[in-house]
Amino acid sequence: MSQRRKLIQKILMYFIYVLLAVLFISPIIYVFVASLKNDDQIVSDMSSIRAFLLTGALSLDNYVTIISKVNFFKFFKNSMIVAVIFVSLSTVLNGMAGYALGMLNFKGKKVLVSLVIALSIIPTEAIIINRFIVVYKLGLLNSYLGLSLPIVGYPLYIFLYYNHFRNMPRELLEAAIVDGASYSKVFWNIMIPLSKPIISTIVIMGFIRSWGDLLWPTLATRDETYRTLPLALRALNNDIYTYWGQIFAFSSLMILPVLIIFLVFQKQFVSSLTSSGIKG
Amino acid sequence: MPVIILISVFTIIPFLMSVSYSFTNKLLYPKPNVTTKFIGIQNYLKLLTSSTTMGALKNTFLYALMVVPAIIILGTVLAVLVNTELKGVKTFRMIYFSPQVVTMTVVAVIWSFFLAPNNYGLVNSFIGLFGIPAQRWLQDKNQALFCIAVMDIWQNLGMQMLIILGGLQYISGELYEAAMMDGCNSWQKFWNITVPGLKYTLIYVSVSMTIGALKLFTQVYVLTNGGPQDSTTTVVYLLYKAGFINGQLGYSSAISVVFFIIVMIISELQNKVLEGK
Chain A
-10 MSQRRKLIQK
0 ILMYFIYVLL
10 AVLFISPIIY
20 VFVASLKNDD
30 QIVSDMSSIR
40 AFLLTGALSL
50 DNYVTIISKV
60 NFFKFFKNSM
70 IVAVIFVSLS
80 TVLNGMAGYA
90 LGMLNFKGKK
100 VLVSLVIALS
110 IIPTEAIIIN
120 RFIVVYKLGL
130 LNSYLGLSLP
140 IVGYPLYIFL
150 YYNHFRNMPR
160 ELLEAAIVDG
170 ASYSKVFWNI
180 MIPLSKPIIS
190 TIVIMGFIRS
200 WGDLLWPTLA
210 TRDETYRTLP
220 LALRALNNDI
230 YTYWGQIFAF
240 SSLMILPVLI
250 IFLVFQKQFV
260 SSLTSSGIKG
Chain B
981 MPVIILISVF
991 TIIPFLMSVS
1001 YSFTNKLLYP
1011 KPNVTTKFIG
1021 IQNYLKLLTS
1031 STTMGALKNT
1041 FLYALMVVPA
1051 IIILGTVLAV
1061 LVNTELKGVK
1071 TFRMIYFSPQ
1081 VVTMTVVAVI
1091 WSFFLAPNNY
1101 GLVNSFIGLF
1111 GIPAQRWLQD
1121 KNQALFCIAV
1131 MDIWQNLGMQ
1141 MLIILGGLQY
1151 ISGELYEAAM
1161 MDGCNSWQKF
1171 WNITVPGLKY
1181 TLIYVSVSMT
1191 IGALKLFTQV
1201 YVLTNGGPQD
1211 STTTVVYLLY
1221 KAGFINGQLG
1231 YSSAISVVFF
1241 IIVMIISELQ
1251 NKVLEGK
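Line order of the protein sequences matches chains A and B.
As numbered in the working numbering, residues -10 to 269 make up the first sequence, in order.
As numbered in the working numbering, residues 981 to 1257 make up the second sequence, in order.
Don't read these hints as lab results, they were simulated from the structure.
Do not take every clue at face value.
[As the list claims (entries may be wrong)] Calculated lysine to any residue pairs in the SDA-like style (CA-CA distance at most 20 Å, straight line):
id : chain 1 : residue 1 : chain 2 : residue 2
1  : B       : Lys1252   : A       : Lys(-5)
2  : B       : Lys1070   : A       : Leu8
3  : A       : Lys(-1)   : B       : Lys1067
4  : A       : Lys99     : A       : Asn152
5  : A       : Lys(-5)   : B       : Thr1064
[As the list claims (entries may be wrong)] Here's a subset of chain B near chain A, in silico, CB distances under 8 Å, partners left out:
id : residue
6  : Thr991
7  : Phe995
8  : Ser998
9  : Ile1019
10 : Phe1072
11 : Met1074
12 : Thr1085
13 : Tyr1220
14 : Ser1233
As the structure is a prediction and not an experimental result, all values here were calculated from the model.
All C-beta atoms, glycine included, are put in the ideal place defined by N, C-alpha and C.
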């Protein structure tokens, strides 16, 4: 291939890359841009390219309104507490289960492994109404625990951990046990540091899941006190008069934490996604 | 293992409840004049004869048929495109992945704004440039489900691209070199090496995307509440509505069980195919 043709091909590739990038990222940029405009401006800019540009009068008014009037930080706090309880418990507890199944030998292990695989097929959605009844009977409706605890035990995460620990060298475990370490000590001091990619994958997956979940919080909350962000955004969107500026300011603040977490963990996350191949 | 207790309480018990309630006329909020009793397969018969339920099943499958092939084809094309060593390509991969980070509720809200049914809507203005009249999108019973599918594709494509990219990197470069020696063109290389090499990745992606598509709820709940004219009522939306809004726990449980069986069959098919590897 001639030098010239190679160059043209390269330029063409970049052209396609940029075009696609615009397609994927412009709606996200739009949210941030529109959140700085007032409602009239948003509507009048809507039919042209100006929608994506920082034109006209810009202000932080929408942010002020959603923080003072819509009480954004109350919902933010709710979502954050639920996400932190969920992510920390599910990362550790499912990890322990995966460690036990993948590395230790005990009676009934085979049965448990097949049980986990079978359970991971049950879609949450199929049991959600009766899960609601269980949570109601336990008196956990309308509480942080009620919002987070039921989704902590997640067969898919156990399975991912199980796959990870199963492929780790057993000698590591045996050597430590010979040195007098307990199984739980080995887990905390040796296994966790060696499992960073899988842990960050599960942290990100879990955070995105908990942050965006709408169905379970719809059932598990009774009033505004424990309402999470997606529910509050839906309520804002379903108001009789739609304040678009506020909705976009709300959305911007809502996606920011996920964006930050993603940027912090992205390296491990992407490598773990691409290297997992068909395992996903 | 504490997680076993959690799973038993919040997954296994509700599952067993679903199965047993599906044979009763149980209500979510008991009424004094109605006693819960065993009614055999009546719920299942009702489900089979109800036009709403069958409509929801149809919508759900139709939705999967729109989303899954599009994701497979576009995802593969995208993965091949970014499978180069060009400078900055990693950044582009991240950008394509970024919609995944945006919470679905937010995605739904943004797109509903873009798809505003009047002349000023962004999408309507854009197609207006080509002389196409304004469409009603989410308020049109023939277009609403399609609009939701486009949102879903936009959000998920980057993630699936990364998974397929992972599959691409397992295909050995020697195969391509050999093909080049034999004088194959790019198209032939794609069909004869890339596609067969990706077989298992694509099966995985299609099954997980199918199951994901069958669970459609959030967008419907945020945007259309199942309308217009039930055209976006999906199975999960229906079981939520029947159980939680209408309080027909027995009937809703029956829908759950049917939904579970459908998902199970699809997962089983995946295992069968992957085991043949």
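For each hint, the structure was consulted:
no. : hint                    : verdict
1   : B:Lys1252 <-> A:Lys(-5) : violated (44 Å)
2   : B:Lys1070 <-> A:Leu8    : holds (16 Å)
3   : A:Lys(-1) <-> B:Lys1067 : holds (10 Å)
4   : A:Lys99 <-> A:Asn152    : holds (14 Å)
5   : A:Lys(-5) <-> B:Thr1064 : holds (14 Å)
6   : Thr991                  : holds (6 Å)
7   : Phe995                  : holds (5 Å)
8   : Ser998                  : holds (5 Å)
9   : Ile1019                 : violated (18 Å)
10  : Phe1072                 : holds (5 Å)
11  : Met1074                 : holds (7 Å)
12  : Thr1085                 : holds (4 Å)
13  : Tyr1220                 : holds (7 Å)
14  : Ser1233                 : holds (7 Å)
Checked against the numbered hints given earlier, this structure breaks hints 1, 9; the rest are met.
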